[in-house]
Structures are given as structure tokens and as C-alpha cells.
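So the protein sequences, as listed, match chains A and B. Residues 1 to 564 (my numbering) are what the first sequence spells out, left to right. Residues 1 to 57 (my numbering) are what the second sequence spells out, left to right.
By construction, these hints were calculated from the structure, which means they are not laboratory data. C-beta atoms are modelled at their ideal positions from N, C-alpha and C, and glycine is treated no differently. Careful: at least some of the hints might be erroneous.
What the hints assert, rightly or not - Listed next, the stretches of chain A that the computed footprint assigns to chain B, with coverage defined by at least 3 CB atoms under 8 Å from CB atoms of chain B:
id, segment
1, 99-106
2, 211-222
3, 241-248
4, 290-303
5, 308-319
Said to hold, decoys possible - To list a few chain B residues with every Cβ distance to chain A over 10 Å, as calculated:
id, residue
6, Arg16
7, Pro38
8, Lys57
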Amino acid sequence: MAASNEFRTCSVTGLKVHLPAEALIKANAVVAVVFLAVGGLFGLLVALTRWQAVHILPAEWFYLLLTAHGADVLLFWVIFFEVALLYFASAILLNCRLATPWLAWVAFALMLAGAAIANVAVLQGESSVMFTSYVPMKAAPHFYVGLIVFAVGTLTAVGIFFGTLVIAREERTYQGSIPLVTFGALTAAIIAVFTLASGAIILIPTFLWSVGLITTIDPVMYKVIWWGMGHSSQQINVAAHVAVWYAIAAVVLGAKPISEKVSRTAFLMYILFLQLASAHHLLAEPGISSEWKVFNTSYALYLAVLGSMIHGMSVPGAIEAAQRKLGFNAGIFGWLRKAPWGNPAFSGMFISLVLFGFLGGISGVVLGTEQINLMMHNTLYVPGHFHATVVAGTTLAFMAFTYLAVPLVFRREIVLPTLAKWQPYLFGLGVAGISLFMMGAGTLGVARRHWDITFSDAPLTFEYPPAAILMMGLNGMSAVLAAIGGLAYVLVVVGSILFGKRLDAPDAERPRFIPRLPTTVAAYGSAGTLHVPGTIVLVTVFFMSFVLYYFVNWKYLSEIWPMR
Amino acid sequence: MPAMAPETEGGGAAERVPAMQRLLDNHFLLLFLGVTVPAVLYLVWGIMEVAQIPIGK
Ligand code: HEM
Ligand SMILES: [Cu+2]
């Protein structure tokens, strides 16, 4: 197979690029963006329905599109993009050929077919079981078939990533250890194996149950195993977007981690402990012991949270060190003021980092604490939390990365640069809004997945405080803003891929948003300095907010549940 | 699979590779750990917990 051994040399980076790998990255990324566009639109409609003054969808459509929204964005957008990232972090960063490109195309076809089948099932209306598809709610059999086929395709893609690591090692295409970004991708791939195994263990019997071959599935058993998949897949996202943060800092600023050793150890914490946090979804479940709950969500989880805190310090630290090296040394925050805020790859990454830490991280630890979880369980606080993690964190980081991937992989200049510059701010502000206002409404007790909180046609009524209705309105407005930011992303990406100036001519200019030779992204090496005072201040502010908010919640709990 | 001796930056190949780095460079050992640890502590333990709940009559 001559075709599978063809390479080109990248005119920007000088890296050797395996052409079949490049084609696969393109295909997976394009499909990802299509699912983001479709799923994002559904999200907007859901949010507009929960805005009581608008209340746009009828009840059946609300639950239908809520199901489609969750699947299209959290499964299909994110995972197609991650497969593209896995191929990028292995074949491209390791200067190596991708293992079995033909099989990667089979994986791609399976994923696409699975995603299409699941979408058809949901849109037909018999599968409005929402993202978690808890039994005994039953979806149409082809809903489960779609998810299983998608998972088989994904597992194949993950296998190809591991195969590529083996090839790179045997053909000695890199020296020493794999680059940090590839190590982050490896972390994501490892978590993906556990995720997909849990998915297979639970979805195959559920499919058999849906066609009548199995009579019952125990609901608690279902939840335990399903969340082995449902939660762990979020940890794939965390590992992947942290890798993307490092990659963007390296490409845009030439940043190196403060310490390779420490950053890798933080990823090791993820590999060992992050998946155990799946148990936080069962904190309110009767019948399961507190030992299991507390071990998995506290003792073990805090080690994984420690990993996140290390990355949360290491990424801004890397940026600060790089900026100081470039000469931006004024004061404590001169490096931050002089950061390339007009470069959407950088601004998107930094906004993702801040929102993920402050909104997603802190609310996550609060939700993951058995006692205070009870105040927010199954309220809108939960979607508020995870829109901060998977939308502000993962989705925005992936969007930011696209501004580098389009010139490097598609070899097209970004069009509409002004719109591109504003895009991360629009989307970031919108998503910060939906996260905060959903958390706010949840704190006031508003349930998640609820079509009409005014109970207008219910025999028993209940009145939420007016502040809750206000929060839902603000949430709807933020959703519009986020949707505009999302639309801007799709316009810029599709426009660039189709109409962007070609960058493969020998005399082509350096891409707009890649100001320097991005060599550090594929290399091993630490920044070799600990002089990062600005980062230390930022981290201190973070810790203080964290501690304060955590204890405020215990205080609330003591008021709800007085011990007399 | 013989672990290729990774070189640290600037160091020669002869330099002894620290244990931690050998672990981090052993991708398939990491894969084994990353699957086994949650399989035992979360899945197997969790399933045992659920299996021990008495059946209602
Ligand atoms: C324009 C952007 C978005 C808006 C306005 C939006 C809005 C919403 C709203 C209002 C809900 C329903 C909350 C409820 O009633 O329970 C929701 C649910 C959800 N969203 Fe989004 N969202 C957006 C993007 C995303 C993205 C990018 C992801 C994933 C990466 C995501 C993942 C989810 C999931 C998993 C659910 C839960 C579905 C369920 O309860 O079954 N959303 N979203
Ligand atoms: Cu979770």
C-alpha cells in the first residue's frame, strides 16, 4: 500500500505529516463540527423553552430535543473531535505514520453510522429517554444499537492510537519520552478504554431488554455501570482539553510546562483516580454503602482533583514563564496584560481554563461531597455545573484549538478574522451565563429536565420564588449569546475550510494565528524556572474562592437540616 | 515489549532512567492500571454492593 506511506513536510512547522492521518483528522473534525451545530441548536431551543416567557417547545418536543441535544453534543461532537485529536497527538506529533488507516476509516464509518442511527431513533420520538437513558424507561432498540455501533467505532479508533504509539516507538520517530501533549492524549485514551468497556457491559444487555430477550434490568445496577461510562467519558474530555491547553500554549507562545515531571504525574493521577468519581452520580442512591460512596468520591477523588489543581497551576505558569522569556516582565501581571488576547486560540484557551477552574471545578467538588450534594441533587445546579466543564472547558478549548488546526491540517487561512477574534468572548460569556444562572436556579430548587416550572396544567401547584423565574430568563438570554458565539465558530470554520486562502504554496505567509515556529509542542522539556509570581497570585485567589464557597454550602446545609 | 531506554534531556543514553519515568514511559502498564483500578474499586465493589441488597417481596 504505497498510499499509506505518503508524507508531506509541513511548511509551517517542518514536521513530517502522514497524509492518510491528515485526511482522517479532517474527516473526524468536520463531522464533529456538524454535530456541534445541530446539537447546539437543540440546546438553544431547550433553553428557550425553560425561559418561561418564551416557552417555545411543546412538552413532547422538549424531552425529545433534550435527548438529542445531550447525545449530539456530549457524545458525537466531543468524541469525533477527540478521535481527531488522538490521531493528531500520535501520528503528527510523533512524526510517524498512523497505524492501519483503512481500519481508521472503518472506525469512522461505524461512528458516523451509529451517530446517525441514534439520531434517527431519537427524532422518531420513541426514545426520549434523555442522556442517561435510565431503565426502566425504554427507548427503541435501534437507539441502543446506534450507541453500541458508535462505541465500537470509537474503541477501534482508540486501538489505532495505541497501535500508532507502538509504531512510533519501534521506528524510533521520537527520542526519549513522548511529548506532554501526546501523554495527555494517552491519558484520555486509557480512560476511554474503561469508559467503553463499561458502556458495553451495560448497553448490550439493555439492548437485549429492549427487544424482549431479557425481562428486567435492575435500575440501581444499571446506574452503577452506566455511570462507569457516563462519568468516565467526561474524564476523557478533561484529559483531552488539558492536553489541548498545553498544546495551544506551546504553539502560540512557545510555552513549556514548569515541570514535565509534575505535569505528567498529574496526568497519572487522572489515570489512576479520576474514573472513580463516577460514584458521585449515585450519592443519593439508597442501598449503596457510604463506604463505597465516600471512598470513591472523596479519598480517591481528591487525588484526581489534586491532579487538576496541578494542571490549573502548571498551564498559566507555563504561559507566564514563556511570556517573561519573551520580555513581558513588567510587574506581577504584565505578562497577562500583554498576552495575545486578539488571538482566538489563546483567548479561547485562557477563558476555557478560567471558567473550567472557577465555575466547573469548584461546583464539581461541591456536588461531589455526599452531604452537600443532597441540596442540589437533580436540580438545575447539575446542568449548570457540567456546562461549565464540558462547554466552557472542553468545547471552548476544542474551538480554540481549531484556529490552529485549520491552518496546520487543512492548510487554509482563517477567514473573517475579526469575527474569529470575538468568538471566544461571545461564546465564553454566554456559557458562563448559562452555567451561573442554571446553578442559581438550582440553588433555589428548580428541577432539571422539567418542561414547565409554573405547573400551569398540573392538579397540584407549586410556586417557585420569583428569583427562580428570573434566573431562567437570564439563562435563556445567555443561551442566545452562547448560540451566537457557536454560530460564529461554525461560520469561521466552515468558511475557512471552503474559502480560506491556501497556505500550501511555497511562498505562503505564516498563518495569522500562529506567530512563531511551534516546535515546543512536539518536544520534551521544562521551562526551567519557578519565577511565576502572577500565577501564584491567581492560584491563591482560586483557593480562597474555593474554600469560601465550599463552606458557604455547608452553612446552607446546616440551615436546611438543623441538628437540634 | 522491551522498554526502549528513554534519554533525559541533555543526558546520555547510558544514564539510569528514574523509576517514575520508566513507569510513565510504559504506556501499556499505564493502560493496565487505568483500567484495573476503577474496575476493582468502582465497578466490582459497586456491583457487589448492589447485589447484596435484599430482594423485596
Ligand atoms: C448553545 C449552547 C448550549 C446551550 C444554550 C445549552 C443549554 C442546555 C439546557 C438549557 C439544558 C437543559 C437543562 C434541563 O432542563 O435539565 C441542557 C442540557 C444538557 N446539555 Fe447543553 N447547552 C449548550 C451546549 C452544550 C454542549 C456544547 C454540551 C456538551 C459538550 C452540552 C451538554 C448537555 C447535556 C449532556 C445536557 C443534559 C441532557 C439531559 O439532561 O439528558 N450542552 N443544555
Ligand atoms: Cu460525573
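So which of the earlier hints does this model not fit?
1, 3, 5 and 7
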